[in-house]
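Student: Next come the chains, spelled out residue by residue.
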Amino acid sequence: MNKHTWLGKVYLWFVLILLYLPIGYLIFYSFSSGHNMNHFKQFTWLHYQTLFQDNRLLAIFLQTILLALLSGLIATAIGTAGAVMIDRLQQKRQQKVFLALNNVLMVSPDVIIGASFLIFFTALGIQLNFGSVLISHVAFSIPIVVLMVLPKLKELDHTLVDAASDLGASPHQIFSRILIPAMMPGIVVGFFMALTYSLDDFAVTFFVTGNGFTTLSVEIYSRARQGIDLEINALSTIIFLFVLVLVFIYYLLTTKRFKKNGKIGGIIK
Amino acid sequence: MKGQAEMKNKRLPGLFAIPYVLWLALFVILPILLIVWYSFTNTNQYLTLQNYRTFFTNGTFLRMSLNSFWYAFLITLATLLISYPAAYFLTKLKNQQFWLLLIILPTWINLLLKAYAFIGILGRQGLVNHFLQLFGLGPVNMLFTNFGFLLVATYIEIPFMILPIYNAIAAIDPALIQASEDLGASKWQTFRFVLWPLSRAGVESGIQAIFIPSLSLFMLTRLIGGNRVITLGTAIEEYFMTTMNWNMGATIGVILIAMMILVMLLTGNKPAHGRRMHHE
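Taken in order, these protein sequences are the chains called A and B. Going by my numbering, the first sequence wraps up at 269, each residue one higher than the last. Going by my numbering, the second sequence wraps up at 280, each residue one higher than the last.
Here chain A stands alone, though its shape is the one from the complex (with noise of 0.2 Å):
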């Protein structure tokens, strides 16, 4: 027994340096003075000079955060009230038809959807700019949030809501202090989410955006297709820290929401 666990540590560890092998070179080389990913020269910090200097992808990283930021929110308000609208639907037919329209672009390929979304654009004679690519970001984030959400409703005791309304809770008051709690770990979980997908997201950006208006992962690729340029895993180093101080964040959250969940549980049960 303790001879396989062993052995399962050897191989979990050969899994994670084989995961982390790619960052790790990225920030490796983006210390070394050369033009490539070969041979390391000199230790420099040349190229996040030119990356802090490069004010064009300045622009591009704060307009991306911009657009995960507005696209999140956007997409967690109408996925909550879309996760509230379902769970008020009395046939549990209704509400599969409703989930299973909801998970549609969840389980779409990218390309379809950009393509998709492009052919509607056109179709309808929207210009291609920040604005289409809001739209499709709030679009393909609307169904997580939901997901997040919804079992948090089916959670709640629905018999409070029946006593606050007895009490006379108006119905603005039954969403403040009873609904808006009982969703709140899920629609962080949501928000939290639909950040991700939006900072992830290439190939749906690709198809709709226009040339005014660009992304971090558009302009990587466009930027790798002409090869190699230490300046972009000088960006791979700063994207990693980034990551590294909101993985800590969700992290902090999501083991936060064990304990609430914990406590609203207790008082409710």
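Pairs of lysine-lysine residues, derived as BS3-like cross-links and limited to a Cα-Cα distance of at most 30 Å, are as follows: (1) 9(A) x 94(B); (2) 92(B) x 9(A); (3) 154(A) x 92(A); (4) 154(A) x 96(A); (5) 187(B) x 92(B); (6) 187(B) x 9(A); (7) 187(B) x 94(B).
Just so you know, the hints here were simulated from the structure itself, not pulled from any lab data.
Add chain B to chain A, keeping to what the hints say.
Tutor: Leaving out everything else, chain B in the frame of chain A:
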């Protein structure tokens, strides 16, 4: 029940759901209708079956579909072979949440950056060839080959296979494994008749989460696979962005959707929740 329904509906005005319903209509239903409509028309907006006729009579398209299926199969198989043991060993550890986080973390790094890293790693003087030279081998050209494409695609999908399988195995009652061992089953028998059937749901959702996106990869085939049109996804991108024949592109899209539905029927219709976490 009915009384409750009426009460429930009175509580909140239905207006708040309008954006969601609009979203369903405009961004879920309408795009599907549009892509189907485009696939049945030609560039002059006339209804025609010509696109489908071209697809099914032109050998290139059929070969590409087969190719696409074959690569998606290989990617899924390789990912499964690497991920299943990893997921299994994960369930044996302490601090499983921390290990899981370590496995998920790379998926938060932009896919484009990881693909870009492989341009360096697989290059003629890259890491892999340095390594091979230690054994007197190489240099082997891996960048811009189908093998390189398979390798990178597998690398990218591994975490998305480990997660569902881990969840499935972690949910198995350890007493069942013990019982099987106590009753004299060999390691292989325990795996074959207890562990595998009980973790199958996880494997299936992993396959679903990987096979479908693998059919439609186009960024990786462009960056790593050497700019050739080897998957359906690349073909769609080509027709929409380069050739500008949207109708043919839409036709390939409809066929891709049909293949996707086929895969979902074969692996059980569970929506793969993590799917869009790794858009291509």
